[in-house]
Every structure is written in C-alpha cells, then in structure tokens.
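For the protein sequence lines, the chains are A and B, in the order given. For what it's worth, this note's numbering labels the leading residue of the first sequence as 1, then goes sequentially. For what it's worth, this note's numbering labels the leading residue of the second sequence as 1, then goes sequentially.
Incorrect hints may appear among the rest.
[Said to hold, decoys possible] SDA-like mimics (lysine to any residue), calculated; alpha carbons at most 20 Å apart, straight line:
| no. | chain 1 | residue 1 | chain 2 | residue 2 |
| --- | --- | --- | --- | --- |
| 1 | B | K189 | A | P148 |
| 2 | A | K125 | A | P20 |
| 3 | A | K21 | A | Y10 |
| 4 | B | K189 | B | S7 |
| 5 | B | K189 | A | F84 |
| 6 | A | K21 | A | Q186 |
| 7 | B | K170 | A | I175 |
| 8 | B | K170 | A | V78 |
| 9 | A | K125 | A | V145 |
| 10 | B | K170 | B | L93 |
| 11 | B | K128 | B | R155 |
| 12 | B | K189 | A | I175 |
| 13 | B | K128 | B | Q152 |
| 14 | B | K170 | A | Y111 |
| 15 | B | K170 | A | E114 |
| 16 | A | K125 | A | R143 |
| 17 | B | K128 | B | A143 |
| 18 | B | K189 | A | Y83 |
| 19 | A | K125 | A | Y111 |
| 20 | B | K128 | B | Q55 |
| 21 | B | K189 | A | K21 |
| 22 | B | K170 | A | R71 |
| 23 | B | K170 | A | L204 |
| 24 | B | K170 | A | S164 |
| 25 | B | K170 | A | V106 |
| 26 | B | K189 | A | L75 |
| 27 | A | K9 | A | L200 |
| 28 | B | K170 | A | Y83 |
| 29 | B | K170 | A | L75 |
| 30 | B | K170 | A | V69 |
| 31 | B | K170 | A | F68 |
| 32 | A | K9 | A | V145 |
| 33 | B | K189 | A | V145 |
| 34 | B | K189 | B | G202 |
| 35 | B | K170 | A | A65 |
| 36 | A | K9 | A | P20 |
| 37 | B | K170 | A | L66 |
| 38 | B | K128 | B | T144 |
| 39 | B | K128 | B | E117 |
Calculated from the structure, these hints are not laboratory results.
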Amino acid sequence: MTYLEMLDKYGLYFLVGLYPKGPLGGLALTLALASAGLLLALPLGLLLGLGRISPWGALRWPVTALVFVVRGTPLLMVIFWAYFFLPSLTGVRTDRFNTMLIALVVFDAAYLAEIVRAGIQALPKGQTEAARSLGLSYLQAMRLVVLPQALRHMLPSLVNQFVSTIKETSLGYIIGLAEVSFIATQINTLVFVLPTQIYLTLGLTYFILCFGLSRLAFWLERRLSVREFTAPLEVTA
Amino acid sequence: MTAFDFSILLTGRYHDMLLGGLLLSLQLLLITLALALPLALLIALMRLSESRLLQAIAWTYVEAIRNVPLLAHMLFWYFGAPELLPEEVRTWLYEHNFEAVAAIVALTLYAAAYMSEDLRSGIRAIPKVQLEAGRALGFGFLATMRLIILPQALRVTVPPLVSQTLNLWKDTSIATVIGTAELMYQAAKVETATFRSFEPFGFATLSYLSVSLLITGLGLWYQHRYPARST
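Isolated chain A (complex conformation) (with noise of 0.2 Å):
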C-alpha cells in the first residue's frame, strides 16, 4: 500500500474517526476534548486562583497544597486516580472521554490557578488599595476591578494553555481513548507497513494545529502591548 492509498482509505477515520455511523473519534475528538477541558477548567482555575492569593489563611493553605500536589504529579498519575478510582468511588462506571475529561479539567485548572495568581499579581498594588479605599469590599475590588484587567494580560497565557491541553490530549492513547493518537495507532496497526510515515503524518497534524495557535498567542500578546504602551498617553493628551 502506497501513502496515498493509505490517505484515501483512512483520512477520513484519521480526522474524525467512525463519524456519523460510530462515536466520534481521531482528530474532531482531540479538539473536543481539549475544548471541553479547557473550558470546564477555566472556572474552577479561577477560583483556585483566587484561593490562592485569598487573605484568609483558611482558604490559602489548603488550596496552594492542592495546586502544589496536582503540579507535582504527571497527568498520566491523574489519569490513572481517575480511571481505576471514579468508579470504585462513585460506583457508577465512567466512560473513557469523561475520565480524560475529569483528568484533563483537574490538571489544568491548577495550572490556570498560577495563572490566574500571576495575572492578578501583575497588577500594580495600588489598584486594590484605591478600590477597597472607594469602600468596595474584597470581593468586589477582584470582581470589577482587578480581574478585568487581570483577564485581559491573561489572554495569550491561555492560549498556550490550550495549546498545552491539546498536546495532553493524547495522554487519552493509555486508556483507549479514541483521540487522534490512538487512530494513528490502529491506521498502523491496520497498514503495517508505513510506520513511519504515518507517525511523521500524526507529528504533522499536531504541529500544524500547536504551531497556528501559539502565533495567535504571539499576536495577541503584542497587540495587548502596544495597547499599554499607547493608553497612558492618549490620557495625557
């Protein structure tokens, strides 16, 4: 079978996998996935973010001990807690996506959480002092003026992260996972023949996707610069 061959039998399996007669799977699926696990991340990084910076002792500790174990573990440890643990804890026998799911979500938001920590710490000081000395209470000053600055250095961090996610996706390959990997595998498997190739095409895809979204982050972050740079003047004029 020559590459060609193999593209045009398996291309389609390889980008979206049985879709629509079976579940969906290869490429669509790491994109879901990493979406998905973003997205659910995002709030619960927030709130750990904020945990982590929080004045009541109370909160501080227990949440940076988390981010501390969560950082200091591979995924694949979380992966495996979740895939053997969840049922036995729970009783009910979770699916492969929503294990890696959990997984991812639990992983990535103790990382949104130094994030989010550095993004808020970034901020000059006296932005909490003159909110709070306006009679706004500590919620308040996060709510409506520290975070909506904050967020907004965020933004190319979080694209990384996604980019980050993305890659973690295809942790999903030990647990049977049916993401682009794990077809990568199979096509392999099936073929036999083109190994290499069709892991220098797997390699492909990932950078194709990692490599356009981290430019993104790149512009963004000097759009959000030149933005700095030209606001305080247009104050003084």
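Dock chain B against chain A, hints included.
Positioned in the frame of chain A, the structure of chain B alone reads:
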C-alpha cells in the same frame, strides 16, 4: 474495598517491581538531563549566533519539537524511526532494551527544545554591551559567551531550568506507552497482577511527589543562595 495492604509495598516481588520502576524513572531523568543540557546550550547559541542559517535551523528545531506532544515523539521513535534502519540493526535494537533508548531519545530532544528557550532568554537578559565589549577586546563569539556571558547568565537561567527539570521528571511517565519499564508501567503492572490499585498507585504518586518536592526545593535553595544580580 479492602484495607490498605502495606506488605506488598515493603517486601516481595511487587516491592521489587515498583522499586525497579522508580530506579529506571530516575535513570531516565538523569541520563536525559545529562544529554539535553549540552544540546539545549548548542541550540540556544545557534539561535543567538550571527549566522542566519544557524538561527533558522535552531528556530525550526524548537518549533517543530515543542508543537508536537511528547507521546507522538515517543511513538515515532519507537515504531516509526527504526523502519528507516536495515533489518539486522532493527532486530538488534529491539533485543537490546530499545524501549528505554527510544524513550531517552524522545525525552532528550523534547526537553532540549524547552531548555534552549530558557537558556536563550537568560543569555538575552545580559546587556548586549557585555557581548560587544568582549568582542571589542578581541574575543571570538564563543570565547565571549564562555568567559563573559554564560557565567553571568547562569544565575538567571537556573530557576527556569529547574522547573523544566520538574517537567522532565513528570514526562518520564509517558515512556509507559512504548513499554519502558519505568515507575508508571510497573505500577500498572502490579495493579493488573494484584487487582489492588490503591497500593501501587499510592506508591507511584508519593514517589513522583517526593522527587518533585526535592527538585523544587533545590531550585528554591539555589535562588536563595545565589540570587540573580541586577545588571
């Protein structure tokens, strides 16, 4: 669920498997670190060199490696790359612990791409006049780097390199997918053999955490002992 059984972790066959896994994971970490650091320095110097061609090669390397997941690298080096070699070499490789070799190749290339970026930004943090002064005194590009820039850049570079080492430690677990008998692989094997998941996974999690804690601790100690000087 039955009670936590410490005995399988303390003695016997499963104890040996888990400990062997931990040792192999640590070996993967140390060997990769020893290979990746010089490669990363080489890439960083290429990106900062005056030759456009070297810059382009190094940039392509970094972008091509970083935008593909480590798992795909592992699959490529284990299943894809040997196909390019002659039959006898391939058979020989698969008989001689190729799982570990492929894992080290993938980990080294992957870690070096990330570390080279940290080295590069560390070197760039040193004011350009230092390089210019070195060159003006008659040192070559490499001599200026070695004698003037790198000793200063070291202090700025070590903290990010420590966090890359932490990532590398966690990434060694991905070698499981190609059957390298490291900690994660052995933990899963013990799980299958004993039908107990809490003990082997607990052992693996605690091992990963302890080494992570140790690496982070070393990084903090270095930052405290050798703080970055303002230039």
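Each hint tested on the structure:
Straight-line distance between C-alpha atoms of K189(B) and P148(A) comes to about 48 Å, which puts the hinted pair past the 20 Å bound. Restraint check for K125(A) and P20(A): the C-alpha separation of about 54 Å exceeds 20 Å, so the hint is violated. For a cut-off of 20 Å, the pair hint linking K21(A) to Y10(A) stands: about 15 Å separates their Cα positions. Straight-line distance between C-alpha atoms of K189(B) and S7(B) comes to about 17 Å, which keeps the hinted pair within the 20 Å bound.
Distance restraint check for K189(B) and F84(A): the Cα-Cα separation of roughly 13 Å lies within the 20 Å cut-off, and the hinted pair is therefore satisfied. At most 20 Å may separate the alpha-carbon atoms for a hinted pair to count; K21(A) and Q186(A) meet this at roughly 18 Å. Restraint check for K170(B) and I175(A): satisfied, since their Cα atoms lie roughly 18 Å apart, inside the 20 Å limit. A hinted pair counts as satisfied when its Cα atoms are at most 20 Å apart, and K170(B) with V78(A) qualifies at roughly 11 Å.
The hinted pair formed by K125(A) and V145(A) meets the criterion: a straight-line CA distance of about 12 Å does not exceed 20 Å. Our distance criterion of 20 Å between C-alpha atoms is broken by K170(B) and L93(B), whose separation comes to about 26 Å. With a CA separation close to 17 Å, the supplied pair K128(B) and R155(B) stays within the 20 Å bound. A hinted pair counts as satisfied when its Cα atoms are at most 20 Å apart, and K189(B) with I175(A) qualifies at roughly 14 Å.
Distance hint between K128(B) and Q152(B) is fulfilled; the C-alpha atoms sit about 12 Å from each other, no more than 20 Å. Between K170(B) and Y111(A) the alpha-carbon distance is near 14 Å, which keeps this suggested pair within the 20 Å criterion. Proximity of K170(B) to E114(A) is assessed by CA-CA distance (about 18 Å); at most 20 Å being required, the pair is judged to hold. For the suggested pair K125(A) and R143(A), the alpha carbons sit about 15 Å apart, so the restraint of at most 20 Å is met.
The straight-line distance between the Cα atoms of K128(B) and A143(B) is roughly 15 Å, inside the 20 Å bound, and the hint therefore holds. Simply put, K189(B) and Y83(A) have alpha-carbon atoms about 15 Å apart, close enough for the 20 Å limit, and the pair holds. Our distance criterion of 20 Å between C-alpha atoms is broken by K125(A) and Y111(A), whose separation comes to about 23 Å. Using a Cα cut-off of 20 Å, the hinted pair K128(B) and Q55(B) holds, with the two alpha carbons roughly 18 Å apart.
With a CA separation close to 35 Å, the supplied pair K189(B) and K21(A) exceeds the 20 Å bound. Proposed proximity of K170(B) and R71(A) is supported: the alpha carbons are some 9 Å apart, at most 20 Å. For the suggested pair K170(B) and L204(A), the alpha carbons sit about 24 Å apart, so the restraint of at most 20 Å is broken. About 14 Å separates the Cα atoms of K170(B) and S164(A), which keeps this hinted pair within 20 Å; it holds.
Between K170(B) and V106(A) the alpha-carbon distance is near 16 Å, which keeps this suggested pair within the 20 Å criterion. For the hint pairing K189(B) with L75(A), the CA-to-CA distance comes to about 18 Å; that is within 20 Å, so the pair holds. Only pairs whose Cα atoms come within 20 Å are accepted, and K9(A) paired with L200(A) is accepted, the gap being roughly 17 Å. Restraint check: the Cα-Cα separation between K170(B) and Y83(A) comes to about 19 Å, which is no more than 20 Å; the hinted pair holds.
A threshold of 20 Å between alpha carbons decides the hint, and for K170(B) with L75(A) the separation of about 8 Å falls inside it, so the pair holds. For a cut-off of 20 Å, the pair hint linking K170(B) to V69(A) stands: about 12 Å separates their Cα positions. Taking the CA atoms of K170(B) and F68(A), the gap is about 13 Å. The hint holds against a cut of 20 Å. Under the criterion of a C-alpha separation no larger than 20 Å, the hint pairing K9(A) with V145(A) is inconsistent with the structure, at around 55 Å.
This hinted pair does not check out: K189(B) and V145(A) have alpha carbons roughly 52 Å apart, beyond 20 Å. Between K189(B) and G202(B), the direct Cα distance comes to roughly 14 Å. Compliance with the 20 Å bound is thereby established for this hinted pair. Distance hint between K170(B) and A65(A) is fulfilled; the C-alpha atoms sit about 18 Å from each other, no more than 20 Å. Distance restraint check for K9(A) and P20(A): the Cα-Cα separation of roughly 16 Å lies within the 20 Å cut-off, and the hinted pair is therefore satisfied.
In summary, the hint linking K170(B) to L66(A) is supported, as the alpha carbons are separated by about 17 Å, within the 20 Å threshold. For the suggested pair K128(B) and T144(B), the alpha carbons sit about 12 Å apart, so the restraint of at most 20 Å is met. A C-alpha spacing of about 18 Å is found between K128(B) and E117(B), which places the hinted pair at or below 20 Å, so the restraint holds.
Going through the hint list in order, the structure does not satisfy hints 1, 2, 10, 19, 21, 23, 32, 33.
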